[in-house]
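Engineer: Residues per chain are reported as follows:
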Amino acid sequence: MKKIEAIIKPFKLEEVKDALHELGIEGMTVSEVKGFGRQKGHTEIYRGSEYTVDFLPKIKIELVVADGALEGAVAAIVKTAKTGKIGDGKVFILPVENAIRIRTDETGDKAV
Amino acid sequence: MIKTPTSKVRLLAAIASLAMLGAVTSTLHADTNAPAAAAPAAAAPAAAPTPYPANTNAFSSASLTNQVAFLEAAHSNSDPTPTGITYESDPGHNAWMMVSAAFVLMMTLPGLALFYGGLVRSKNILSIIAMCFGITALVSLLWWAFGYSLVFGTNFTPSTGPTPLGYIFGGTEFFFFKGITSVPNNNYAFWVSQNVYAIFQLTFAIITPALIFGATAERMKFSAVMAFVLGWMFIVYFPLAHMVWGATGYMNGVWNAAAKIPAIDFAGGTVVHMSSGWTALILCLILGKRVGHGKEPMPPHSLVLTFIGTALLWVGWYGFNAGSAVAADVVAANAFTTTTLATAIGALTWPLLEWIFKGKPSVLGFCSGAVAGLVVITPACGFVNTTGAVIIGVVAGVVPFIMCTVVKNIFKYDDALDTFGVHGIGGTCGALLTGILVDPTVNGNLQAVSAGTPANAAMQNGLITAITNHTLVVAQAQAAGITIALAVVGTLILGFLVKLVIGLRPSVEAEHQGLDITDHGEEGYNH
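Line order of the protein sequences matches chains A and B.
Residue 47 in the working numbering sits at position 22 of the first sequence, with consecutive numbering throughout.
Residue 498 in the working numbering sits at position 84 of the second sequence, with consecutive numbering throughout.
By construction, these hints were calculated from the structure, which means they are not laboratory data.
In this text the structure is predicted, and so the values were computed from the model without any measurement.
One should not assume that every hint holds.
Here are the simulated EDC-like cross-link-like pairs (lysine to aspartate or glutamate), alpha carbons at most 16 Å apart as the crow flies [what the hints assert, rightly or not]:
| # | chain 1 | residue 1 | chain 2 | residue 2 |
| --- | --- | --- | --- | --- |
| 1 | B | K537 | B | E937 |
| 2 | A | K27 | A | D134 |
| 3 | B | K826 | A | E75 |
| 4 | A | K27 | A | E87 |
| 5 | A | K37 | A | E122 |
| 6 | A | K59 | A | D134 |
| 7 | A | K65 | A | D113 |
| 8 | B | K774 | A | E69 |
| 9 | B | K774 | A | E75 |
| 10 | A | K34 | A | D113 |
| 11 | B | K709 | A | E75 |
| 12 | A | K115 | A | E87 |
| 13 | A | K115 | A | E57 |
| 14 | B | K772 | A | E75 |
| 15 | B | K772 | A | E69 |
| 16 | A | K135 | A | E122 |
| 17 | B | K822 | A | E75 |
Here are some, though not all, of the chain B residues that point toward chain A, as calculated from beta-carbon distances under 8 Å [what the hints assert, rightly or not]:
| # | residue |
| --- | --- |
| 18 | K674 |
| 19 | P714 |
| 20 | H715 |
| 21 | K772 |
| 22 | P775 |
| 23 | S776 |
| 24 | V777 |
| 25 | S782 |
| 26 | C818 |
| 27 | N823 |
| 28 | D832 |
In silico negatives: residues of chain A with every beta carbon more than 10 Å from chain B [what the hints assert, rightly or not]:
| # | residue |
| --- | --- |
| 29 | L48 |
| 30 | E69 |
| 31 | L81 |
| 32 | I84 |
| 33 | A91 |
| 34 | V99 |
| 35 | K104 |
| 36 | E122 |
By construction, the Cβ of each residue, glycine as well, lies at the ideal position given by its N, Cα and C atoms.
Using the sequences and the hints given, assemble the complete structure.
Structural biologist: Below, the structure written as structure tokens:
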């Protein structure tokens, strides 16, 4: 099992979700996050006061998949979230020791 | 944990004793004077209503010529005294003035509260609302007890001629609203009930001190705000309002034949905006900067609230400016028109400058330009024509913009919400521009009366000569200078006095947490 954490542009969420859904992936967790990488922030001006806002809004998708589904899922995310411009985000892949479905007590691949 | 309960008990006791004093004074007055005078404020509800005017049949017993002349006087907002008909107020003029008074109250609650409230950080929104509400309540009490009389009374000026005291304060005859009824006070309006006029003027006395605390936002204790206002009304507002608008005022060019400075201020460029704006500058210097100013971001927490507040201010300002004609007449109509134009042009100019120099036109720029336009047209609205209004709109968009974006950053004072930049400087521009752009054809009070009739105040005090010779701006500059001096000196004395007695600022920790919790024990937003 692997966990995929993808940071993407907010407006790409629907496309990424649909692409993952077509692969048969049935669940994911999404959060609104702020952060920055190479993409610069922006400047806000209120009358005479200027503030640089470094942290930009992004979406973080978290999902855990069986090892066999990993490659397809990552490819789908990278393909659909890509605009080719700076600020597209990143995908991280982490190993997962186990998973448990609380309702049925199922574990491992059956639980994801 | 109750802090200093005794001082609060004492405050309540003071208010209660003030109210009792008022009741006693009114009752005494009713006992010792003709019953046709005022209905006492504390009269028992079962008492029969006192009929007024004294002779209600005057109209029907008058000649047809006098009846027509009387109605014509109401129609044209002129003096009906020559017709010999005893009269009450006119329903049309009264209706407009009651609407105007309500509009100006709306400028403070909720207009200014939202305008300022949106500009502070979310932890201080309630401190702004509490301050606006607290000032409204406190000033209403002061106005009833002493304020209206000190501003619009005249008994400090004996019949033998003006005195220094009478130039600066009005009198004592209206203390506790004594004698203020629905009958007009001819010193100020022929057709508007004096009680309506008193409440209309109260709403000006409310918004003026409330404006000050934009400069001191987010770092002045509520108790210090209230204590400062209590003193400031007596030291700055009441004398200034009397000097400019009182019938015996030192620089009331329109109404006082004995005015030493024949200056004109239609709706409060000096009284309201300069006084609050220059006070704001001195007070924010005495206070010092907010903790973290210049180091951490302090962006407005809701420009949506600021926008709504701005829109309410604009609408309410029709009561402020057009209402200052104290009649639904041709002068009000002119003020209504010039106010609209100057505001719109200000709201065009400010964001345009932002677009050119900063890259983007901002919503705060639209709001700031509109408020600046309203401020600068205020003293001029009943005295200039539409061309003058457009010029004023442009100046309003340029000068306060430079103050708020360039000058403030050079001198690094923390005028948090730009009260000085917009009201202090805008008001000063307005006072001076009124002297330059004045057009006597829009306002009969600026014109000489025809030969054979008694000379009006403007002929006697030199106002008309000044307008004819294009030297009115000198009188305007003198009035502006007196206003600045009074505001600066009064604020220096009061600011340090309040600082010494109860302190001006909350603790650094309290300021960091936000005044909503530390001063009021509640939060504006609970998610």
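Engineer: Hint by hint, say whether it matches the structure.
Structural biologist: Hint by hint, here is what the structure shows:
| no. | hint | result |
| --- | --- | --- |
| 1 | K537/B with E937/B | 7 Å, holds |
| 2 | K27/A with D134/A | 10 Å, holds |
| 3 | K826/B with E75/A | 14 Å, holds |
| 4 | K27/A with E87/A | 11 Å, holds |
| 5 | K37/A with E122/A | 30 Å, violated |
| 6 | K59/A with D134/A | 31 Å, violated |
| 7 | K65/A with D113/A | 12 Å, holds |
| 8 | K774/B with E69/A | 10 Å, holds |
| 9 | K774/B with E75/A | 13 Å, holds |
| 10 | K34/A with D113/A | 6 Å, holds |
| 11 | K709/B with E75/A | 11 Å, holds |
| 12 | K115/A with E87/A | 12 Å, holds |
| 13 | K115/A with E57/A | 15 Å, holds |
| 14 | K772/B with E75/A | 10 Å, holds |
| 15 | K772/B with E69/A | 10 Å, holds |
| 16 | K135/A with E122/A | 14 Å, holds |
| 17 | K822/B with E75/A | 13 Å, holds |
| 18 | K674 | 39 Å, violated |
| 19 | P714 | 6 Å, holds |
| 20 | H715 | 11 Å, violated |
| 21 | K772 | 5 Å, holds |
| 22 | P775 | 11 Å, violated |
| 23 | S776 | 7 Å, holds |
| 24 | V777 | 10 Å, violated |
| 25 | S782 | 6 Å, holds |
| 26 | C818 | 5 Å, holds |
| 27 | N823 | 5 Å, holds |
| 28 | D832 | 6 Å, holds |
| 29 | L48 | 36 Å, holds |
| 30 | E69 | 6 Å, violated |
| 31 | L81 | 15 Å, holds |
| 32 | I84 | 21 Å, holds |
| 33 | A91 | 38 Å, holds |
| 34 | V99 | 35 Å, holds |
| 35 | K104 | 35 Å, holds |
| 36 | E122 | 35 Å, holds |
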